[in-house]
Structures are given as structure tokens and as C-alpha cells.
Amino acid sequence: MFKIVRREEMSQGNVILNEIEAPLIAKKAKPGQFVILKANETGERIPLTMADTDPEKGTITVIYMVVGKSTLLFKELKPGDGYQDVIGPLGQATHLEKLGTVVCVGGGTGVAVLHPITRGLKQIGNKVISIIGARNKDLLILEDEMNKASHELNVCTDDGSYGHKGFVTDVLKDVLEKEDVKLVVGIGPVPMMKFVCQVTKEKNVKTLVSLNPIMIDGTGMCGGCRVSVGGETKFACVDGPEFDGHEVDFDELMLRLQAYSEDEKKSREEHVCSLKG
Amino acid sequence: MAEKKVKKEKTPRQLMPEQEASIRAKNFDEVPTGQSEETAQIEASRCIQCKKPACIDGCPVSVDIPGFIKLIRDGDFTGAISRIWEKNGLPAVCGRVCPQELQCEGKCVLGVKGEPVAIGNLERFAADYERKSRKAPKLEKKPLTGKRVAVVGSGPSGLTVASDLIQKGHEVTIFEAFHKPGGVLVYGIPEFRLPKDIVFSEVAGLEKLGVKLECNSVVGRTVSLEELFEEGYDAIFIGVGAGLPTFLRVPGENLIGIMSANEYLTRSNLMKAYLYPKYDTPIIRGKNVITLGAGNVAMDAARTALRLGAETSRIVYRRSMQEVPARAAEVHHAEQEGVEFYFLTSPVKFNGNEKGRLTSMTGLKMELGEPDDSGRRRPVPIEGSEFDLECDLAIIAVGAGPNPLLTQSTEGLELNKWGYVVADSKTGKTSIKGVWAGGDIVTGSATVILAMGAGRVAADSIHKYLELGI
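Residue numbers (our numbering), protein chains in the order written: chain A, 1 to 277; chain B, 278 to 747.
The set of hints was computed from the structure by calculation and includes no laboratory data. Some clues are possibly wrong.
[As the list claims (entries may be wrong)] Label pairs and their in silico Cβ distance ranges: (1) A:81 x B:289: 58 to 66 Å; (2) B:409 x A:266: 34 to 42 Å; (3) A:258 x B:303: 24 to 32 Å; (4) A:269 x B:414: 50 to 58 Å; (5) B:484 x A:55: 51 to 59 Å; (6) B:487 x A:81: 44 to 52 Å; (7) B:615 x A:274: 17 to 25 Å; (8) A:266 x B:647: 34 to 42 Å.
[As the list claims (entries may be wrong)] Computed list of lysine-lysine pairs in DSBU-like fashion (alpha-carbon distance at most 30 Å, straight line): (9) B:384 x B:328; (10) B:457 x A:234; (11) B:303 x B:473; (12) B:473 x A:3; (13) B:632 x A:266; (14) A:201 x B:555; (15) B:415 x A:3; (16) B:415 x B:364; (17) B:328 x A:266; (18) B:549 x A:3; (19) A:3 x B:489; (20) B:555 x A:3; (21) A:28 x B:424.
[Said to hold, decoys possible] Computed far set for chain A versus chain B, every beta-carbon distance over 10 Å: (22) 8; (23) 28; (24) 54; (25) 100; (26) 123; (27) 167; (28) 180; (29) 194; (30) 228; (31) 230; (32) 233; (33) 258; (34) 272.
We put the CB at the ideal spot given by N, CA and C, even for glycine.
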């Protein structure tokens, strides 16, 4: 069992943080890599990119949004409980290098994945401008952490309840006008990443995105996570999860993420009903 | 005397009782239900106990076949399993999944004029009898040597290496990437062909002997070979299988409803999606399912589809029935259950709807031309023969390649041009001192028993190395 040593709720309980004992993974993991978690014997294998690692303490941290039955199950786990299985670190690490000015754009729980990359880019000597967004103030996560990890932080909410009213792409356009940006890292919901890439492509600024397609093993065995990148089929689990955003077929990815949406909806409803008795 | 001989020759090969096709095509229970003691003894008495048994030559791990069959004939079923165990640690598995017609049974002299002895069924009988009775004396372990061996992968080759070396007194730890042990026996082969409890029982047997099992350990990621040596392992065996699915590279292949056989079978077998929603992993339950390819994996996928409620399940293969590589029993079972075969048909593209879901496959008719490198007649497209086949699930089962996860993260490990590990066929030694390899990661996709044979070869060599340093 992989014990949960710390648990936090964010975004009104819609987003959960778990710090989990996994010393072997903590020792090896680098920013950008992911783990696969399985709650119990009958559970699904769910891939999540790590939000943090503490090699000395032997822990990893994941932050996830509660969307389906599996993440509802995860949410029910309390500190002291554990995941039956945690596998990793998987995927390629982010290639961190000193480039000059870089912009880190995050939306929703994507900010959790973006945070260690942002921190790494700053540590290595880049000027880091970050833009994070959420639908409203209550759904915003890791503002303080992103503030510390960046030289400049811009916050947006769709409804204007906090920070700039509007989308992260609005702020991104301004930043790209003013600064000589060498790299943009965009991590969040697929439509957000798609629009970030549209903006940066116009300016011809290299853009990295981190993808989270459906997968089972995470080791290149099933091919369920295949994505089209530059017209070629890639496996997000071993070739990614990060790719050149200008080459990714986001429309195909959005469709493929819906493969089991009917099943997931039913599954979640049944689970919620069983909880209510 | 003469009368008795005549009677003996007339005894027909005893049939294995099976679930009826129309019933079993709707459940995941094992198809053959197992022989009675009586029929096993009758079958065993058909063996003429050749002085120079050809069957043993046909067995990649050289089981004393006439020996164990004689013991069954004489009613010593426990003695029979002990005899098999001397050479084969996974008889319950091999009795079920070996291509006997190409190996032991293919060499049986009775097969020249009539039907060979049902060696596979008898092996299975002995193993199942022991699993229920638990009477056989446990394997003896040699005194501890203090040497440590890491086995990477818990499929057939890894389990064989672990079994052989623990008995020789070495300390053995198996590292498995998945959350359950067994490799392809668990993620690939369906329950109706190889019940998972049998695999777990075999693994539990090894654990009782002292083999340690580390699941969720992706060697190459969680830990490297170098680190295993640093941790004090004296030898490493790589048996990670050929776990890279091959796709067709035709247009439309990323539509929802097209998946590798690896994914389809892993969902159903390892993740138990066939029990969804009791188990959380979903699976696409196609109405009209096509499976591309005609090997054992393709048969497994096509038969799984029927059990998951498909109205039609079709095998699409670009060659003809003659070239079908699957085990004869699997093709026969598939046909009985209602799987249809579209031979000499090659996929051209997949077509989908606005939601990105598969609706049909465009196929092209083929005819057989001149023999190719493999000696099989090469399929040649017939121009203008395109046709559409309606389907909402297409399973790609055209083979697997070497998974580069471990091999590419290991410096100095020599690979061939296809990416398989180069290993000496007589020893299993790789280009790195102290590292052996065997099974599909060396040979490419083959059979359970060949992987076990490679495991045996490597285990012998590892033992020599640990004892004598050579």
C-alpha cells in the first residue's frame, strides 16, 4: 500500500491534493513525469502528472480534479489510507534549459502540473512570467506557489471574480507583444492548450504542452494513449507526455478523450447513488 | 496377447469435455472442463511407451513425456506431476496453451496413422489433480548460496528462471511492471483459455519457495539495471516480452473504437473490464467487431468480443486459412463459437462519424502470389476490389514489437536492427556481463513454452556463472 500522508481540498472540494509515500518514485521522478494510481482491487489505473516530489521524505504529490467514479474513489481516501498501487515515474521529463524569457500558462488542475516545471525553469536562470486561470476565484489553485516559482504572475478568471477578467490567452497575447519570449509552456484543459498554441503559433514562439490521454499501462504496451503529432502517431506515455504544441492534433485528442464518456457518466452516477444508500 | 494388442490400437483419442459452443460464447468460464481420472487413464494407456520417444524431442523443455504418462496410466497421478515438475514449473499453463500439434503431439508416432496421444490434456490433468489434492512432495531446495538474482518480468520466461534458480539455492526477486504478476499469461490470455487463478497459484508456489515479488516496478524507470547491480544483485535476467503493439498505419486508425489487441485484452483480462461495472475499467463493447490478424492473440480477441456481446465477430486476414498462425484448437473453438473468417482481405482505411467513432473498414481483396521470405505465398491486392465492412470496434492483432522502455535506458545492451535484445542462443547471455535475456524480447513474439525454454537455458547459464564465474 502507498500511504497518503497529507490531504488537502481545494476549489470547494472539487480538487484534491494527496501527498503519498512512494520513496522509490520520489527518488527518481523529474518535473513533467507522471505516475499511475489504482485505489483498490477493482479500481481503474489512472495516470496523473506529479505536482511535486520530496526525495528526502520519500513522497510524491498529485493534485487531481474529481470528475468520474475513479477520482471520486480517490477523494474518499483519507490521510493514513493508501492507494493499492502507484507506478512510476513514467514518461519523459521536461527538458529544462536556460533560454531567456519564458511564459508558463496554466488552467484548472493543469496549474498543478505546471508548477514544478515553472520552478525548474526559474531555478535554471530563466525570466519566468506565469499566467494562471480558472472559471472563478474559488476554483483557482496554487496561486501562492506559482507566485514564488515565477518572476511575475498574472491571474485570470473567466467571470472576473478575481484578477484579470477573461482568458489566459488574452494576457498571453499582451505578454507576447511586450516581451521577447523564447518558450511558452501551456498546461490545462485541452481547449485551453489548443487556443494557447493558436496564439503562439501566430508569433512563432515554441510551445510545450502536456497531454493526459486515456491509457492503461503507461509503459508503451497498449497504445491507447496515441496522439497525432506532426502527422505521426505518438504514444503519450513513453514519447510524452509533453509535445510540441504546434504539432499536436488537439481536435483528435478531444474526441479520443470521450471514448468512454457514456460509461463514465453511468459509473459515476451509480457510485454516487450507492453512497447515498 | 494378440487380442489385447488389437484392442489397444482401437482405443480412440479421448475427447476433452467442453462447454457447449453456444453457451460458452456468452461466458468467460474455461472452455474445456477437464478430464475424469478414468478417461485420463484410458488416454494414457494409448501411449505405446516408445524406446526412443520422439515426443520429448518436440518439447522445448524436454519433459519426460512417456514417463509421466505411464504414471497416469498406473494411477499414480501425484507421481506424474512430480515427474513433469522436474522439467516444467508451469504444467497447468502449458497443458492449456502450448501448440502441442507442432511440438510433442506433432512428433507422436501414433499420429502417423491415427491420432496422437493427447499429451497436452494429460499434462493439464496431472497439474489440475495436484492443484486440488496437494499431495506431491514440495520441490527440494539446495542450501543457500548467498547469490542474488533479479528477474525482470514475471511472464513465462521470468517465472521459469525464478523457479529454476530458487531451487538451486539462489535468492531471487522478480520485478513486474504491472500491479499483478504473470505477464502475458495474465494480461494477454483470456480467462476462458487460462483461468487467472491457475497463474496466481503457480506464482504463489514460487513465493512459498522463497521467490520475492516486486510488482509496480518498471525496470528502466523505477529502477535501472545499473542500480540493481549496485543494490547487490549478482545476475539479472531480462524477460520483459514483446510489449509494443504494432499498428497498421492506415488512415483513420486513431478513431475511437480501434485499439491494439494488447489494449483490448489488457482491459478485459488484467483489469477485468468484462466484469464492468463491478470493476471500474470500461471497455468498448462492439456490436460488429473485426479483428485484424489471425494468430492466437487475434483468436483471443475475436472470442472475447463475442463474450462481451458482439453480434458479429470477424477475423480479417490478408492470407488464407492455410497460413493462419494460430493454434489449431483456437481456430476450431473460434469457428464453433461463431467467429467468421474473412480471408485474403487487407485493410485499406477506417471510416468514422462526426464524433470520431469507427463506423466501417474499407478492405481490399487479395490473391496469393509467389512465396515470400517467410516461405508463405505473398498476398497480392486485386485491383478495384475495395469493399466496406461495417464495424464499431476494430482490434489490431497483427503482432507486437520490442518495447524500448528498458532496452533504450540500458547503456551497452546490444540490440538487433529490429530492437530485440541480442542474446546467445546457447546461454542467453547478452552484451553486458551479468545480464541474461530470453523470451519474446529476444526472439520476437513466440509461444509460452519457447519463452520457458529460453528461461531454462538462461537459468542454467546463470547458475554456472554464479557457481563458477563463467
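Evaluation of the provided hints:
{"no.": "1", "hint": "A:81 x B:289: 58 to 66 Å", "in the structure": "holds, 60 Å"}
{"no.": "2", "hint": "B:409 x A:266: 34 to 42 Å", "in the structure": "holds, 40 Å"}
{"no.": "3", "hint": "A:258 x B:303: 24 to 32 Å", "in the structure": "holds, 29 Å"}
{"no.": "4", "hint": "A:269 x B:414: 50 to 58 Å", "in the structure": "holds, 55 Å"}
{"no.": "5", "hint": "B:484 x A:55: 51 to 59 Å", "in the structure": "violated, 31 Å"}
{"no.": "6", "hint": "B:487 x A:81: 44 to 52 Å", "in the structure": "violated, 31 Å"}
{"no.": "7", "hint": "B:615 x A:274: 17 to 25 Å", "in the structure": "violated, 36 Å"}
{"no.": "8", "hint": "A:266 x B:647: 34 to 42 Å", "in the structure": "violated, 53 Å"}
{"no.": "9", "hint": "B:384 x B:328", "in the structure": "holds, 14 Å"}
{"no.": "10", "hint": "B:457 x A:234", "in the structure": "holds, 27 Å"}
{"no.": "11", "hint": "B:303 x B:473", "in the structure": "holds, 18 Å"}
{"no.": "12", "hint": "B:473 x A:3", "in the structure": "holds, 28 Å"}
{"no.": "13", "hint": "B:632 x A:266", "in the structure": "holds, 19 Å"}
{"no.": "14", "hint": "A:201 x B:555", "in the structure": "violated, 46 Å"}
{"no.": "15", "hint": "B:415 x A:3", "in the structure": "violated, 37 Å"}
{"no.": "16", "hint": "B:415 x B:364", "in the structure": "holds, 14 Å"}
{"no.": "17", "hint": "B:328 x A:266", "in the structure": "violated, 64 Å"}
{"no.": "18", "hint": "B:549 x A:3", "in the structure": "holds, 25 Å"}
{"no.": "19", "hint": "A:3 x B:489", "in the structure": "holds, 22 Å"}
{"no.": "20", "hint": "B:555 x A:3", "in the structure": "holds, 24 Å"}
{"no.": "21", "hint": "A:28 x B:424", "in the structure": "holds, 27 Å"}
{"no.": "22", "hint": "8", "in the structure": "holds, 24 Å"}
{"no.": "23", "hint": "28", "in the structure": "violated, 7 Å"}
{"no.": "24", "hint": "54", "in the structure": "holds, 17 Å"}
{"no.": "25", "hint": "100", "in the structure": "holds, 31 Å"}
{"no.": "26", "hint": "123", "in the structure": "holds, 24 Å"}
{"no.": "27", "hint": "167", "in the structure": "holds, 25 Å"}
{"no.": "28", "hint": "180", "in the structure": "holds, 36 Å"}
{"no.": "29", "hint": "194", "in the structure": "holds, 15 Å"}
{"no.": "30", "hint": "228", "in the structure": "violated, 6 Å"}
{"no.": "31", "hint": "230", "in the structure": "holds, 14 Å"}
{"no.": "32", "hint": "233", "in the structure": "violated, 7 Å"}
{"no.": "33", "hint": "258", "in the structure": "violated, 7 Å"}
{"no.": "34", "hint": "272", "in the structure": "holds, 13 Å"}
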